[in-house]
Amino acid sequence: MKRTLTMLFWFGVMFAHFVGIMALAYALGGLVEGVLPGGSRLTNLAILMVAVVMGIASLLTVAERKWSSLMQNRIGPNRARINLPILKDSALVGIPHFLADGMKMLFKEDFLPATANKLLYNLGPMLAFAPVFALYAVVPSGPTVQVFGHTVDMVVATPDFGLLYVFAIASLAVYGTSLAGWSSNNKFALLGGVRAASQMISYEVALGLSLVGLMMAFSTVQLPAFVGNVTNELGLGNAATGQARYLWEGKIGGFDIGLPAWGFLLQPLGFFLFFAAAFAETKRAPFDTPEGESEIIGYFVEYSGMKFGLFMISEFVEIVVLSGLIVVLFFGGYHLPFGGEWLSNLALMREHGWLYGTILGTVFWAKVMFFVWLQLAIRWTFPRFRYDQIQSLGWKILLPIGLFNVFATGALVLWDPSLRALAVFGLLQIGLLIALTTSSALKSEEGHGGHGHGHDAHGHDAHGHGLPAHGHAAHADTHSGAHSGAAAASH
Amino acid sequence: MADPHKPVSPPSPEAPNPDTDAYAHEAELEAHLQTKRMYVNMGPSHPATHGTVRLKVELEGENIAEIDCEIGFLHRGFQKSCENVTWTQCLPYTDRLNYVSAMMNNFGFLNAVEKLIGLEIPERAQYIRVIGSELHRIHDHLTCVAATGMELGGFAPFLFGVEARELIMDRVAELTGARLTTNFGRIGGMNRDLPEGWSEKVIKSLDKVMSLVDEMDGLLTRNRIFVDRTKDTGIISAEDAIDYGWTGPCLRACGIDYDVRKAKPYWVYDRMDFDVPIGEKGDNYDRYLMRIEEMKQSDRIIRQALKQIPAGPIILDDWRIALPPKPEVYGTIEGVISHFKLVMEGVQVPAGEVYDATEAANGELGWYMVSDGSGRPYKVHVRAPGYPILSAVPHIIKGKLLADLIPTFDTINMIGGEVEQ
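Just so you know, the sequences run in chain order A and B.
Take 1 as the starting number for the first sequence in the UniProt record's numbering and just add one per residue.
Take 1 as the starting number for the second sequence in the UniProt record's numbering and just add one per residue.
Rather than coming from a laboratory, the hints here were simulated on the basis of the structure.
Treat the hints with caution; some may be incorrect.
[Unchecked claim] Within a straight-line C-alpha distance of at most 35 Å, the following computed DSBU-like cross-link-like pairs (lysine-lysine) qualify:
#1 LYS115/B x LYS187/A
#2 LYS396/A x LYS398/B
#3 LYS115/B x LYS398/B
#4 LYS56/B x LYS108/A
#5 LYS396/A x LYS115/B
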């Protein structure tokens with residue numbers, strides 16, 4: 001109970017921060033826009049990328065340890081403490097740990113292996129970190145609103161080529177890891193670097209293909225266009241576009257409710273493909289063979305101090321960026337699932353655009369945090385793939401499914417441009433997936449008692465065992481043929 | 001094939017001219033890419049080598065072309081050390097053989113010495129040995145399964161396993177006074193009886209341990225990634241396993257039904273009702289399943305033994321074998337003399353030799369002992385189950401992927417202490 005309350009309290013703290021930061025971002029954007037037209041992009045760069053993404057990424061180092069400790073019946077980090085009188089020497093749920101870690105990494109010796117290629121060795125961490133960080137530039141984190149009479153939008157850059165920028169920059173990250181593996185002149189690191197390169201390059205294909213269906217459905221590659229805007233947003237009289245559009249809608253009073261055209265509903269297959277492929281790009285478990293700490297220790301084995309820290313933090317930045325992309329592409333971006341039209345047409349919102357922006361921006365970060373959590377949960381649940389199993393998953397499973405998805409989506413979009421047919425198809429896929437998952441879970445429960453290793457069958461005294469010696473002899477005759485499972489117990 | 005980097009000189013006039021003939025170098029185009037083998041040292045300090053073993057691996061890409069297991073980094077001279085101390089003083093050394101299941105080594109050693117002397121220990125002591133052995137069998141298997149989970153990237157099963165181990169260690173500490181190096185039992189019986197209320201505590205701990213085992217089972221056994229990693233990797237055929245001298249769960253995973261507890265029951269195992277799981281394929285997955293199932297069987301044995309255990313003495317009442325009770329030592333001259341002679345000269349084991357084996361967690365733990373009739377061993381040889389198993393690793397893994405080495409090395413559960421002695 002105390003643990004739950006503590007968690008709720010820190011959730012509150014987190015959301016308060018998001019609200020504050022988004023309000024600050026809009027206010028600052030409005031002020032700067034008055035002085036320097038277009039300057040709000042610079043404040044977005046500072047606030048969204050440097051403060052929020054980096055902040056979340058560095059706090060994730062603690063969050064990951066805390067969350068994994070919750071999953072594993074442990075207490076988790078609580079040793080780093082700041083002894084201020086008001087805090088009563090409390091552990092602050094481990095948050096000071098990321099400061100301690102940062103200090104540790106900065107003060108460690110910057111070790112350079114004698115036989116390493118110095119230039120490339122130093123370039124490796126930069127090339128690994130910079131691209132993932134730059135990816136966030138195109139992710140819109142809040143609506144475009146009027147603040148102090150100036151238009152402020154909550155995105156750093158809106159290039160025409162949107163998603164293509166994402167693909168291009170994401171594929172740059174492979175240079176950092178493979179250079180790090182090669183230049184440190186260590187065999188384990190080389191193996192890791194080669195694994196990383198082959199894995200990241202092969203998943204580029206599935207990554208690109210998984211989003212083609214989505215591009216066709218919304219006929220755009222620009223991320224703000226994927227998010228779209230609700231009908232008559234802030235009284236501007238626009239028609240609804242992108243994912244803010246309803247496929248089927250109804251009204252209860254002035255409150256609009258319906259099934260939004262979220263990418264997840266239109267493209268569930270695309271979502272799972274994108275999620276899997278992007279997860280493989282982050283090189284975290286279960287796709288962490290380049291690191292594989294129990295086999296080859298990893299491509300960054302020779303790095304120390306903040307250079308290693310850059311590799312580590314780039315993984316966490318990737319988590320945040322990937323969550324942001326998923327939210328923007330598949331889960332309606334900063335929009336609410338319903339009631340968005342009602343909210344945007346409140347007199348208060350029309351009058352104070354920054355308030356509308358702050359609310360939706362917080363919605364966006366809430367969604368992002370959910371996917372961050374999901375990635376942490378996955379990372380701590382699954383064992384690691386084998387190197388060749390990752391390749392066959394990418395080429396033999398994800399790629400054909402991706403191709404099928406492209407053709408199916410294309411046909412359905414041509415047949416019904418209102419996307420309703422596509423949504424029905426998507427809902428069918430989701431239903432099928434749920435049915436398959438639950439049925440296999442049921443089957444495994446039955447199978448557990450039936451064969452497998454059959455421990456349920458003889459765990460009780462009531463079962464009537466023969467004499468041990470006799471039962472044992474009888475077993476010797478039967479064990480070769482009688483047991484269908486991989487292993488069976490004798491009687 | 002000749003070195004492709006070296007130009008053929010002088011060019012013979014019959015050779016096709018690459019300037020005019022586009023197919024001149026066709027043979028070179030079809031030839032395999034020349035790759036160099038890479039030599040990698042895994043260990044002696046490597047996350048996947050339990051204890052300190054060095055694996056000299058020759059890699060061709062990611063495939064293992066050659067592998068050589070080098071042991072001896074943990075060699076402490078167990079056999080020689082035993083020759084310099086009394087039989088009783090050997091006991092602490094046996095703790096350090098398989099340090100994950102120390103009690104099994106203790107009892108195996110004592111059983112062999114007792115066989116050499118020709119002793120029948122009291123029934124209660126036999127029950128205590130069964131209980132202790134099975135507790136440590138669970139402990140050993142937990143370590144194996146947990147480490148397998150961790151090294152395949154699943155950290156949660158590892159911590160569940162460690163939590164369960166912790167419970168067992170608490171009970172073992174109450175029983176023996178030590179968490180790891182138990183040094184439990186003496187020639188002729190036990191040195192301590194079960195503590196007051198210990199049985200109930202064990203039952204309670206076992207309930208918790210088995211629920212944790214179920215949790216690990218649930219996390220791993222049907223996990224697609226785990227199954228992919230372990231199934232059909234590290235396969236050894238039953239014939240090869242026998243040739244290499246495999247025993248224990250690893251042999252049984254190949255489908256050979258051999259368990260010393262059933263084949264040649266010792267102590268009170270013949271009164272226990274338990275099953276011996278048998279695998280089919282001899283791959284990593286089967287070896288893992290053997291461990292999970294054996295833990296459940298050990299749980300059954302302990303519960304039965306705690307129910308059946310009779311009252312009575314825990315050690316022989318023979319002052320030539322067992323220390324006299326303290327009031328006798330302090331109160332009678334016979335007591336003092338027996339105590340002095342036992343401590344200074346040791347148990348007088350009659351001259352002769354013996355081989356005796358018990359079923360330890362990883363297989364048949366055999367002892368070959370020679371006594372020259374003095375109080376000290378003339379020779380103590382231990383047949384550690386891990387040694388033949390480790391020796392088969394190159395046979396299993398040659399030509400396979402480097403990543404397969406990890407689960408294979410985990411599921412054979414090589415323990416540095418007993419292999420390197």
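Outcome of the hint check:
Between LYS115/B and LYS187/A the CA atoms are separated by roughly 53 Å; this puts the pair beyond 35 Å, and the hint is violated. Proximity of LYS396/A to LYS398/B is assessed by CA-CA distance (about 27 Å); at most 35 Å being required, the pair is judged to hold. Under the criterion of a C-alpha separation no larger than 35 Å, the hint pairing LYS115/B with LYS398/B is inconsistent with the structure, at around 42 Å. Taking the CA atoms of LYS56/B and LYS108/A, the gap is about 32 Å. The hint holds against a cut of 35 Å.
For the proposed pair LYS396/A and LYS115/B, the alpha carbon gap of about 61 Å is over 35 Å, so the pair is violated.
When the structure is compared with the earlier hints, violations turn up for hints 1, 3, 5 and for no others.
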